[in-house]
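Enquirer: One letter stands for each residue in the lines below.
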Amino acid sequence: MIKQLIILILLIFSLELLNAQNKVDRPINFSLWNPVSTAPYDSLYITNVTLGFTSKTSTLNGVGVNLCGHFNEKGVNGLSLNGVGEFVKGNMNGLEISGLFNVVSGHMHGLQVAIVQNTNILHAKGVMLSGITNFTIGNARGVQLAGVTNMAGSHFSGLQTTLGINIASSSSNLFQLAGLVNICAAPINGVQVGMGNYASGIKGLQLGLLNLCGGEVRGLQMGIINYSEDTSAVKVGLVNINPKTQLQMLAYGGNMIQNNLAVRFKSRYTYTIFGIGTNYLELDNKSSGALFYRIGLGIPIKRAFFISTDAGFFHIENFHDEDHTDLPNHLYSLQLRFNMEYHPIRKFGLFASGGYACTRYYGSGGTFENQPIVEFGFVLF
Amino acid sequence: MKKVFIYIILSLLTLSSIYAQQADSLFIFNDSSRMKKHPWRAAFQNIVINAGVWADNRFERKADYAKISFHSIHENMKRGFVWDNDIFSSNQLLHPYHGNLFYSAARSNGLNYWESFSYTLLGSFSWEVCAETTPPSINDLLTTTFGGAAFGEVSYRLSSLVLDDSKNGADRFLRELVGTVISPVRGINRLISGNAWKVRHKYYKYHDYEKVPLNVSVTLGDRYMTDNGTLFKENNNLYLDFNMVYGDPLKNETNKPFDYFSFRAVFNIGGSQPLTSSVNLIAKLAGKCYEPLPGHRALIGFFQHFDYYNSEIVLKDSKVIPFKLAEGAALGLGMAYLLPATKKVTIWHRTHLNAVLLGGSLTDYYRLGRNYNLGSGYSIKSNTSVELEKYGNFELNVFDYHLFTWKGYDNVDLKSSKNPYLYLNTQGDKGNTQFLIINPVMNFILNPKIILSFGSYYYFRKTHYAYNKDVFSKTFEFRLGLKYSFKK
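Order-wise, the sequence lines are chains A and B.
Numbering that gives the first Met the number 0 puts the first sequence at residues 0 to 380.
Numbering that gives the first Met the number 0 puts the second sequence at residues 0 to 487.
Errors might be hidden in some of the hints.
Said to hold, decoys possible - The calculated lysine to aspartate or glutamate pairs, modelled on EDC-like cross-linking and capped at a C-alpha distance of 20 angstroms, are:
hint, chain 1, residue 1, chain 2, residue 2
1, B, K389, A, D229
2, B, K343, A, D41
3, B, K61, B, D85
4, B, K486, B, D85
5, A, K243, B, E388
Claimed, not checked - Derived CB-CB ranges, DEER-like:
hint, chain 1, residue 1, chain 2, residue 2, range
6, A, P343, B, S317, 32 to 40 angstroms
7, A, P299, B, T275, 51 to 59 angstroms
8, B, T275, A, S231, 34 to 42 angstroms
9, B, P212, A, F273, 38 to 46 angstroms
10, B, S455, A, P26, 52 to 60 angstroms
11, A, P26, B, T275, 53 to 61 angstroms
12, B, K486, A, Q245, 39 to 47 angstroms
13, B, L237, A, Y355, 51 to 59 angstroms
14, B, F172, A, A303, 36 to 44 angstroms
15, A, A303, B, L237, 42 to 50 angstroms
16, A, P39, B, S192, 53 to 61 angstroms
17, B, L176, A, Q245, 29 to 37 angstroms
18, B, M76, A, L31, 36 to 44 angstroms
Said to hold, decoys possible - Chain A is nowhere near these chain B residues, computed Cβ spacing over 12 angstroms in every case:
hint, residue
19, H70
20, P291
21, I312
I should point out that these hints are in silico values taken from the structure, not numbers from a laboratory.
Note that beta-carbon positions come from the ideal geometry of N, C-alpha and C, so glycine has one too.
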């Protein structure tokens, strides 16, 4: 009987201890600086409300409002508002808003808002909104919206949007939209839209001024300059480059534009040319110039000859027309050429071109002049 | 057979310990006899530096403010510290250089960073109180101390890169000369001690590149600076950009102050802009490296910052100076993060959050010999760098400075005020300035050492004045240059 009584008492004590471990001891904490608070930090406490200048809690299930910051050891479930920042060593589920930064060491599920930086070390799922940087180190899923930089250190699924630069360092299913640059250091499944885009492989779309792909392209590159190491990639752009593209320099003179310097991106049968020239002789002015783009087809004949035809767009600028006010400041010209090229040695060739140019005014669309073209020059490399 | 085997093992062990000793014996900082501190010699040299500069002011320049006496010293101590009105470059750049002399005197006498810092503070304090009849200046004290320590430590470490006591002849002379130009007080101390010509075959190296690597680049190119943000109203001039990254931020074993820093100075050659365009320094004072996940590496630390941006009117008929900004005394927390590197891509991100103890920014109203306000506040810096192995790199820098000018006067003719020192004792126009720089840079590799560099800079300034109309201004510039880069 005595034995049974002792066992019963011990059981009751054990149950009490277990309850003590789980119970909410200090639901409300007013804190100036831990331990100057109504509920100084204790690893067993669960807090429902913490208010003050700075506070430290073990588990916060509820609301935290701190003028400066909040340090949490095990986890936050609920809403946390901080003037400067919050550091959560455990998991964060809910809404976290801080003046400067948020750091979550564990898992983050919810919404984070900070002016300087949101940092999540393990898995993150939700929305991150930051004036400067969002940073996920572990795998993440959701939306990153930042003023300057979004960074995903591991796999990321979702949307990255910024005025500056988006970075995903691991293989990702991702829509990246950037004011400047999108980078995916591993293959990406999705879309990159920015002034410059880089992915080490792409299954989807790259849309930008400069698109680079370090691997296979299954999809489309669309931009001014497209480069891929995959020779079979589909590209829509003014200049499309792959490892087999030959980069050549053209220097030539002609009856329409006196001196020209251009770069030719030449594939087996197609090429594009970007160049500048000065002066446009019809303007009777020493300070005029042209910026041009040509796209063409060519066939090598034996080893030394190459014949080609191309169409081009020329923008012509009359720089300092102080004495000839009747001359237009800007013109454009549409031109068609046939070219013959002879290479006595592999990296040097001579060429002659003939064609026809229609030069017109911008806006009104009227014709400035139509004339034949004759040009001679050399090719390097 | 067993004996032979034991003999071989013992021989190998002995050889390895001999090699280890030899490696240690290369470096000056492993020589216990050279680690001795000379605090009194350093203090005496600080007095000599102040006396020398004062003598130049008093007898060569015949400056009135150098006519000191015990009475002037007593008056200065009685009056206390005020804000002074020297021009921007003097207050924000030359005073730190002056402080660098105090610092170098202590550092080259064996004292460490923090000890030398205190010598810089004392040197500056004694100059302000004793060496001028004008009231001591609180802004000079701060910029000379913080900026001086920063410049001093950088110049000390830079001079260590060229010194080598195993050399002799013309090579040695050249090394000592360059070292003295970089750190004059250290050079003079080497002359006094005889270290400048002593040839050693042990403990002769001053820098260990394996522990503290170095990455230096020099860019020469064209700077296209627009007037008030108008694209075709511009000034073109040559620029020279010296950039250095010293040390590896992700090494825990090199954790002394300035074991890792980045230093950058840009100079204008010709054109309408001042010779020194900008000076930027970010130096680690203390920090710890982490590996939050396998392959990820991060440094979290405490950093010292120095920033100086100067410009003048872009064209002769310009009405607006684009910007002036400095943070001479700034300290803060920072993070450098290296994402797991792939074969083709290396990604760095750095964030800094600083308290600016003293800074300066352009003002649109205040004129008493200076056109900038002094103040304190905070700054936030973000740098993201993506290096693509074959092509080059893209970098995005965003720097945001927010400086508050606490002490200013409303509608008071400061010079005619009854208080003769009132005009000397204001930070400028009361208010605050937010200055934002957005700087994307693209570098294209032409060959392993030559890089084509293109950068654009967007400057936004919003100044709120307590007693005047607020001003918002913006402008931009482009820089195109060839960069020569080398790593060691």
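Enquirer: Do M76/B and L31/A keep their Cβ atoms within the hinted range of 36 to 44 angstroms?
Expert: holds (39 angstroms)
Enquirer: 38 to 46 angstroms was suggested as the range; check whether the CB atoms of P212/B and F273/A agree with it.
Expert: The hint (38 to 46 angstroms, Cβ to Cβ) holds, given that P212/B and F273/A are roughly 39 angstroms apart.
Enquirer: Verify this label for me: P291/B is non-interface relative to chain A, using a Cβ-Cβ cutoff of 12 angstroms.
Expert: Non-interface label on P291/B violated, nearest chain A Cβ at 5 angstroms vs cutoff 12 angstroms.
Enquirer: Could you grab the alpha-carbon distance between K61/B and D85/B and see if it respects the 20 angstroms cut-off?
Expert: holds (18 angstroms)
Enquirer: Quick check on a hinted range of 52 to 60 angstroms for S455/B and P26/A, using CB atoms only.
Expert: holds (55 angstroms)
Enquirer: Is the gap between the beta carbons of K486/B and Q245/A within 39 to 47 angstroms?
Expert: Distance hint for K486/B, Q245/A is violated at roughly 32 angstroms.
Enquirer: Is the Cα-Cα distance between K486/B and D85/B 20 angstroms or less?
Expert: Answer violated: K486/B to D85/B is near 40 angstroms, above 20 angstroms.
Enquirer: Quick check: does the Cβ-Cβ distance between P39/A and S192/B fall within 53 to 61 angstroms?
Expert: holds (57 angstroms)
Enquirer: With d taken as the least Cβ-Cβ distance between H70/B and chain A, does d exceed 12 angstroms?
Expert: holds (48 angstroms)
Enquirer: Check the hint pairing K243/A with E388/B against an upper bound of 20 angstroms on the C-alpha distance.
Expert: holds (19 angstroms)
Enquirer: Check the following: the C-beta atoms of P26/A and T275/B are separated by a distance inside 53 to 61 angstroms.
Expert: holds (60 angstroms)
Enquirer: Mind checking the hinted window 29 to 37 angstroms against the Cβ distance between L176/B and Q245/A?
Expert: violated (50 angstroms)
In summary, the structure is inconsistent with hints 2, 4, 6, 8, 12, 13, 14, 17 and 20 from the numbered list given earlier, while agreeing with the others.
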